[in-house]
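J.: Working from the sequences, and respecting the hints, build out all of it.
Residue numbers (the numbering used here), protein chains in the order written: chain A, 1 to 312; chain B, 1 to 395; chain C, 1 to 327.
For the record, the hints were derived by calculation from the structure and aren't laboratory data.
Hints are supplied without guarantee of correctness; some may be wrong.
[To be verified] Calculated cross-link-like contacts (lysine-lysine; reagent style BS3-like; alpha-carbon spacing at most 30 Å):
{"no.": "1", "chain 1": "B", "residue 1": "Lys164", "chain 2": "B", "residue 2": "Lys143"}
{"no.": "2", "chain 1": "C", "residue 1": "Lys182", "chain 2": "A", "residue 2": "Lys59"}
{"no.": "3", "chain 1": "B", "residue 1": "Lys135", "chain 2": "B", "residue 2": "Lys119"}
{"no.": "4", "chain 1": "B", "residue 1": "Lys118", "chain 2": "B", "residue 2": "Lys164"}
{"no.": "5", "chain 1": "B", "residue 1": "Lys251", "chain 2": "A", "residue 2": "Lys307"}
{"no.": "6", "chain 1": "B", "residue 1": "Lys118", "chain 2": "B", "residue 2": "Lys143"}
{"no.": "7", "chain 1": "B", "residue 1": "Lys251", "chain 2": "B", "residue 2": "Lys358"}
{"no.": "8", "chain 1": "B", "residue 1": "Lys118", "chain 2": "B", "residue 2": "Lys135"}
{"no.": "9", "chain 1": "B", "residue 1": "Lys164", "chain 2": "A", "residue 2": "Lys307"}
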Amino acid sequence: MTTTTVAARRAGWAFVAPALTLMVLILLLPIAGAALLSFTDYSLGGSAPAWVGLENYEKILTQSRYRAMLEATLTYVLTVTPLSIGLGLGAALLIHSLRWGGAFYKTVFFLPAMATLMAMSIVWSFALHPTLGVVNATLGSFCGTGWLHQWGWFDAACRNGFPLWLGDRSYAIWTVCFVGVWQGFGFNMVLYLAGLTSVPRELYNAAEMDGARTAWDRFRLVTWPMLGPTTVFVVTITLIRSFQVFDIVEGFYEQGAGPSRSAYVILFAMYEKGIRENLIGIGAAIAMIFLACVVITSLVQQRILEKKAHYA
Amino acid sequence: MRNIRKTFASTQVLKGVELEVADGEFVSLVGPSGCGKSTLLRIIAGLEDGSGGDVLIGNRNVAGIRPSARDLAMVFQSYALYPHLSVEENMLTPLRLRDLSLAERLPLLGLLAPGRKKKLRAMQAAVLDAARTLKIEPLLQRKPGQLSGGQRQRVALGRAMVRKPAAFLMDEPLSNLDAALRVHMRAELAELHRALGATFIYVTHDQAEALTMSDRIAVMMGGEILQTASPDQIYDDPQDLRVAEFIGSPKINTLPAEVDADGRVTVLGRALRRRVVGGAQEVTLAARPEHVAIDPDAAGGGLEARLIHKENLGSDMFLHAGLEAGGTRRRLVVRAAPQMARGLSIGAPVWLRIDPDKALVFNASGARMAFREPVGTAPAATVRAIAVGAVAVGA
Amino acid sequence: MIAHRFSVAETLKHAVLMVGALIVALPFYVMLSTSLKSPGEIERNEGGFFGAQAVMTDEYCVKRNEPERAAIEAARRAQPGLDETAVRTALLATVRENCATRPAIFNYVSAFSEAPLLLYLLNGIIVTASIFLLQVIVALPAAYALAKLKFWGRDLVFGLVLFCLLIPVHAIALPLYIALAKLGLTNSYAALVIPWTISVFGIFLMRQFFMTVPDDLIDAARMDGMGEFSIVWKVMLPTAIPALLAFAIFSVVSHWNDYFWPRVVVTGDRSLFTPPLGLHEFRGGGGDGSLYGPMMASATVIVAPLVVAFLLAQRRFIEGITLSGMK
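T.: Structure below.
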């Protein structure tokens with residue numbers, strides 16, 4: 001008996017040792033490293049780094065280029081998160097209530113989550129191309145359809161040409177958001193579908209007996225509350241994924257981050273400063289801000305889930 | 001005068017079912033799983049559509065009427081409580097949905113609706129009333145997740161009660177409780193039924209629940225109602241072999257028998273001293289364990305058998321006896337008093353006597369064959385005397 | 001009663017979903033269609049899905065095979081009556097004829113010939129496969145130890161795993177990049193693989209799975225004389241196949257599609273490009289229609305393996321990719 005215990009103890013450490021070593025070297029030390037670097041003006045191959053205190057953070061909060069970064073990032077996160085969750089939930093509800101054909105839509109909507117985002121961003125940039133793109137060509141073919149001209153924007157576009165989706169600074173970030181939603185909502189839909197199938201049917205019967213007459217009543221009384229845990233999770237993961245947007249911007253723009261930095265999202269800023277311009281100190285400070293956003297999101301999620309633990 | 005009548009004809013699950021329930025009655029639908037009893041209940045509730053037939057509630061045909069508008073309440077097997085709502089909110093739900101308009105139920109705007117407060121107060125009073133009846137007042141603020149099975153059961157009942165419906169529909173409401181609690185809740189449900197004076201339609205696969213609580217039982221099998229009658233009648237006077245076999249524990253004993261042209265019944269070469277209505281044919285003779293007597297010798301003129309197994313339940317002893325009948329081995333279960341049975345050892349030969357007055361005869365298609373009246377007085381009396389004698393020995 | 005009736009609501013739902021499906025599928029349609037069309041068709045935005053597939057001349061091919069001095073001289077000697085320009089024109093005409101091709105073939109051939117797409121794909125396979133293998137080798141024993149072995153400090157290690165789950169890899173990209181640079185490892189397979197060898201998520205996932213494996217199974221293996229090492233690889237690994245498969249899909253899909261990390265550590269050395277990097281490089285030219293065809297062909301080649309695999313084994317893929325939901 002004791003021999004197995006001793007063996008187990010020894011084996012235990014032997015088995016976790018490689019993982020533990022790598023965890024410390026690859027995850028924990030770099031976190032500390034990034035934190036330290038963010039207070040220096042370190043650059044690769046440059047002279048000895050100097051301690052600059054909070055200067056990097058001050059720059060981020062004051063300089064206009066970082067204002068653009070925060071603005072683009074928040075715009076993206078606050079647009080893509082609600083839209084991709086709303087569309088995901090809507091698609092899941094519709095598909096779940098279908099009598100046939102649900103599997104087809106599920107497959108199609110999930111495709112973007114599978115496809116290489118870099119490739120698809122390039123394809124979108126081509127589809128949205130002002131002259132060659134299929135989007136503007138299709139929109140243009142509707143010009144002359146009377147009732148559409150009631151819509152002022154459409155009417156103006158027919159006369160003055162459809163926008164340069166990627167090149168116009170008032171559209172660029174929204175186009176990036178659109179591709180973000182396109183890519184993300186199918187993932188949320190799948191999570192919601194899983195949540196929906198786990199709602200007990202008897203609850204709907206009970207609601208029916210209790211007099212839930214309309215679809216809205218049933219949704220309020222059963223569906224939405226029962227999807228609560230799924231929603232907490234979906235919101236968290238979508239927020240975190242939104243903070244990580246990078247590929248779309250790189251796929252859209254050869255250099256820079258869109259017209260007048262309108263799509264200067266946080267990871268792109270970190271990459272540009274830290275890697276391309278070798279200003280590692282400021283890049284690290286951006287990384288720390290990014291880290292804070294993600295960690296806070298995760299912690300808030302855990303708090304909410306703990307509160308609702310006695311749910312089932 | 002409300003009564004629920006239901007005629008129904010379908011090819012698959014239910015094959016033409018007719019059931020009439022009087023106001024204030026407690027009717028059980030009992031049968032093995034898959035016999036269509038739950039489907040029937042769900043059709044009454046309006047949760048499923050029948051492929052034909054009508055459901056009448058108090059002479060009103062409810063075809064096409066939504067479940068909530070049928071004035072019925074249902075208690076589900078899993079209780080189906082809303083896990084995110086407190087007990088009180090759960091019980092309020094049917095009232096809110098019935099008595100508040102859509103506008104009054106809107107998340108924030110609803111608060112502004114006039115008269116909403118007054119309505120709410122009336123509802124809360126109704127909930128408190130039901131909670132008092134069910135003794136769940138202290139639980140009102142809890143969530144279903146914090147309750148025991150029995151407590152949830154009561155909350156589900158309470159949610160059904162607050163609406164004061166025309167009838168309560170119950171779908172195996174006790175099957176998720178442990179054995180002891182189930183027996184307890186049986187009594188409580190029966191009392192609740194008496195106190196409310198409401199109509200109950202109760203679905204169960206457990207014959208004990210049906211026998212202990214109901215005014216009438218409808219035994220269902222293979223999508224049909226085989227017999228609807230009081231518990232006593234169902235037990236003593238089943239009209240179908242399947243009913244006889246389904247109701248009663250241990251199961252009723254059956255033996256192959258013959259009827260001659262005069263209606264005389266012969267079992268294993270021995271004549272039963274009764275005659276049935278009907279000509280010569282092969283039949284099945286059935287007798288409940290308490291209607292078979294056991295003798296340690298051939299003096300009583302019983303069928304010879306061998307004792308295979310003894311089951312001691314304390315108050316009773318069930319003796320399993322094996323005998324040859326028509327080339328196959330048959331096992332008969334006999335109820336005996338423990339003192340009497342103690343004298344018998346396993347493997348010993350025993351003699352079984354079937355009480356001819358209580359025996360039931362079924363034809364080849366399972367339908368009950370009535371005895372010819374009047375009863376031949378003299379032989380019956382002897383038999384009864386012997387039977388009493390057997391009990392006397394036991395006592 | 002209601003079951004077989006034509007339903008307005010149902011039709012409306014299909015209509016809404018169908019519009020959504022068309023928008024979602026649009027870029028896939030554009031990608032495939034463009035990869036089949038000729039430059040002219042792309043520029044004029046015509047030709048339906050397949051394009052006319054009319055014979056066209058591969059200008060790259062013509063440029064490569066332009067008649068050389070010596071060939072012209074030789075031809076002139078064979079045909080003395082013609083002057084140099086005429087011979088040149090004649091020769092060029094033959095070259096053009098030989099370089100005639102169909103648009104679809106042209107696009108896909110150029111995708112592989114104009115950039116080392118095959119090499120990129122190979123790099124992608126090498127990198128994703130090594131990452132997954134190393135992740136399993138590191139994570140499986142650790143997960144087993146955390147789930148089934150009792151040793152001092154176990155809870156601490158598991159706590160650390162949970163803490164590391166919070167760390168997004170992007171946040172530590174810079175220090176890792178510096179470390180790799182100092183070690184002289186940037187622009188190497190090692191740089192592409194090493195940071196991913198530790199998957200705390202994999203450890204967490206497998207540990208949760210191993211918790212559900214009955215202790216009796218392990219005790220039986222010990223009674224049979226197996227050591228802890230063989231228990232991991234001969235008992236736990238086979239029981240964990242379903243979970244491992246889901247994790248494999250998760251890992252392979254995310255690293256095949258990953259663009260950020262290769263972009264950071266591979267600077268310039270094209271022979272190390274992974275497919276997304278190669279595609280981004282391809283984008284460089286921009287502009288005219290003759291490039292879009294081959295570019296979309298490359299995109300199709302890169303996207304196709306995962307999409308096809310997904311269509312063949314949807315359930316498993318959805319399971320694997322939504323795994324990240326368990327975090």
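J.: Give a verdict on every hint.
T.: The hints, checked one at a time:
no., hint, verdict
1, Lys164(B) - Lys143(B), "holds, 23 Å"
2, Lys182(C) - Lys59(A), "holds, 28 Å"
3, Lys135(B) - Lys119(B), "holds, 24 Å"
4, Lys118(B) - Lys164(B), "holds, 20 Å"
5, Lys251(B) - Lys307(A), "violated, 52 Å"
6, Lys118(B) - Lys143(B), "holds, 25 Å"
7, Lys251(B) - Lys358(B), "holds, 15 Å"
8, Lys118(B) - Lys135(B), "holds, 25 Å"
9, Lys164(B) - Lys307(A), "violated, 36 Å"
The structure fails to meet hints 5 and 9 from the earlier list, while all remaining hints are met.
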